[in-house]
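Sequences are here, hints too, so could you generate the full structure?
Each chain, letter by letter, is given below.
Number of protein chains: 2
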Amino acid sequence: MSKKGILTVVSGFSGSGKGTVMSGLLKAHSEYALSVSATTRDPRPGEVHGVNYFFVSKEEFREMISGNALYEYAEYSGNFYGTPKAYVDQCLSEGKDVILEIEVQGAAKIKEQFPDTVLIFVTPPTVEELLRRLTGRGSESPEKIRERMKNAVREAGSMQIYDYILVNDDLDECVEALHGIISAEHRRACRNRQLIDTITEEFEMIR
Amino acid sequence: MSKKGILTVVSGFSGSGKGTVMSGLLKAHSEYALSVSATTRDPRPGEVHGVNYFFVSKEEFREMISGNALYEYAEYSGNFYGTPKAYVDQCLSEGKDVILEIEVQGAAKIKEQFPDTVLIFVTPPTVEELLRRLTGRGSESPEKIRERMKNAVREAGSMQIYDYILVNDDLDECVEALHGIISAEHRRACRNRQLIDTITEEFEMIR
Numbered sequence: 001m002s003k004k005g006i007l008t009v010v011s012g013f014s015g016s017g018k019g020t021v022m023s024g025l026l027k028a029h030s031e032y033a034l035s036v037s038a039t040t041r042d043p044r045p046g047e048v049h050g051v052n053y054f055f056v057s058k059e060e061f062r063e064m065i066s067g068n069a070l071y072e073y074a075e076y077s078g079n080f081y082g083t084p085k086a087y088v089d090q091c092l093s094e095g096k097d098v099i100l101e102i103e104v105q106g107a108a109k110i111k112e113q114f115p116d117t118v119l120i121f122v123t124p125p126t127v128e129e130l131l132r133r134l135t136g137r138g139s140e141s142p143e144k145i146r147e148r149m150k151n152a153v154r155e156a157g158s159m160q161i162y163d164y165i166l167v168n169d170d171l172d173e174c175v176e177a178l179h180g181i182i183s184a185e186h187r188r189a190c191r192n193r194q195l196i197d198t199i200t201e202e203f204e205m206i207r
Numbered sequence: 208m209s210k211k212g213i214l215t216v217v218s219g220f221s222g223s224g225k226g227t228v229m230s231g232l233l234k235a236h237s238e239y240a241l242s243v244s245a246t247t248r249d250p251r252p253g254e255v256h257g258v259n260y261f262f263v264s265k266e267e268f269r270e271m272i273s274g275n276a277l278y279e280y281a282e283y284s285g286n287f288y289g290t291p292k293a294y295v296d297q298c299l300s301e302g303k304d305v306i307l308e309i310e311v312q313g314a315a316k317i318k319e320q321f322p323d324t325v326l327i328f329v330t331p332p333t334v335e336e337l338l339r340r341l342t343g344r345g346s347e348s349p350e351k352i353r354e355r356m357k358n359a360v361r362e363a364g365s366m367q368i369y370d371y372i373l374v375n376d377d378l379d380e381c382v383e384a385l386h387g388i389i390s391a392e393h394r395r396a397c398r399n400r401q402l403i404d405t406i407t408e409e410f411e412m413i414r
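As given, the protein sequences belong to chains V and Y, one line each in that order. With the numbering used here applied, the first sequence has no gaps in its numbers, which climb one by one up to 207 at the end. With the numbering used here applied, the second sequence has no gaps in its numbers, which climb one by one up to 414 at the end.
Note that these hints are calculated values from the structure, not bench results.
Covered stretches of chain Y (in silico footprint by chain V; criterion: 3 or more residues with CB under 8 Å from a CB of chain V, positions within the stretch not fixed):
hint	stretch
1	322–336
2	347–360
3	363–372
4	382–392
5	402–409
By construction, the Cβ of each residue, glycine as well, lies at the ideal position given by its N, Cα and C atoms.
Structure (structure tokens):
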């Protein structure tokens, strides 16, 4: 089985619970490295710099862009979000599986640069449930809901670029399914060329 | 997640332990349906007609071929082996995951007819271990060993058509890895077009 680190992108609708799935995965399987994004948005209560995000100024973000320090970045609801290269590179070179929780624009950019990336899209089990979660949190303004719906329409249009669709019906099942997908990917023939070549060459010599 | 039955082919080197892996899978996960092959070879002690194989005469096998009742068949060490269509069709129509334990020639023929088939190749962990298992059972004639080596050379040459390489180092791990691969395959986007289309269409209407 391939020991080389696999890069996985997890995206999903707002309200798909992908953040909770990611926390569950890291708790159950500490071998994964979660990439920490840089953002210009303000920290929410409880969010920690360097853990949830690297909170940077717009000035600092522009420097990261011009310094070619990001694998991808995008503007989203008026703020910038990006994936710093350094941590991803370090983890992959150590053979770790790295997970990026980023949105659909970023996913496409990562896949361009790393064609072996596994793209996973998290969705609630039904359209009804999805609409309920998008509109029904109760605490947000109609404007916020409209914006979330607009994003969801765009996200739905990008689902076809993903390799896997992960239905989040039951949290524990979903966490194990995510782990199962990455474990199975390690066994894909295209990630085990070296083993296949060694066996083939050995038999060529015997022949 | 796709509820449609998936067709999986498991092949592997002689001595890879694929038969034991299959037994382990069916014991741990009774939801899988194992296709029973037809063969013209004699039953070995303990083998049961309809369980291990359908043991048929060469005459009967020829009738199955001319009646188009087999998905694939091949001659192997002077005997015929084939996959009867009826059982596979029935299980897939019931939404069951069907597993065929067949050799490399048959695997290619199944993939031609069912492009969605998952092809899994079982191998010992190293070339050294493979050679040890091919030559070292002790009980067989040099002629038998030569034949097994010849088959292994051909099998090694076909490894690249497989989707997954399953290293059989530890039986229980290998069984769960096989189950994990098929579970992950159910979540592949290409097997979940209907869910993606439903979500996309729903949002098109809202738009």
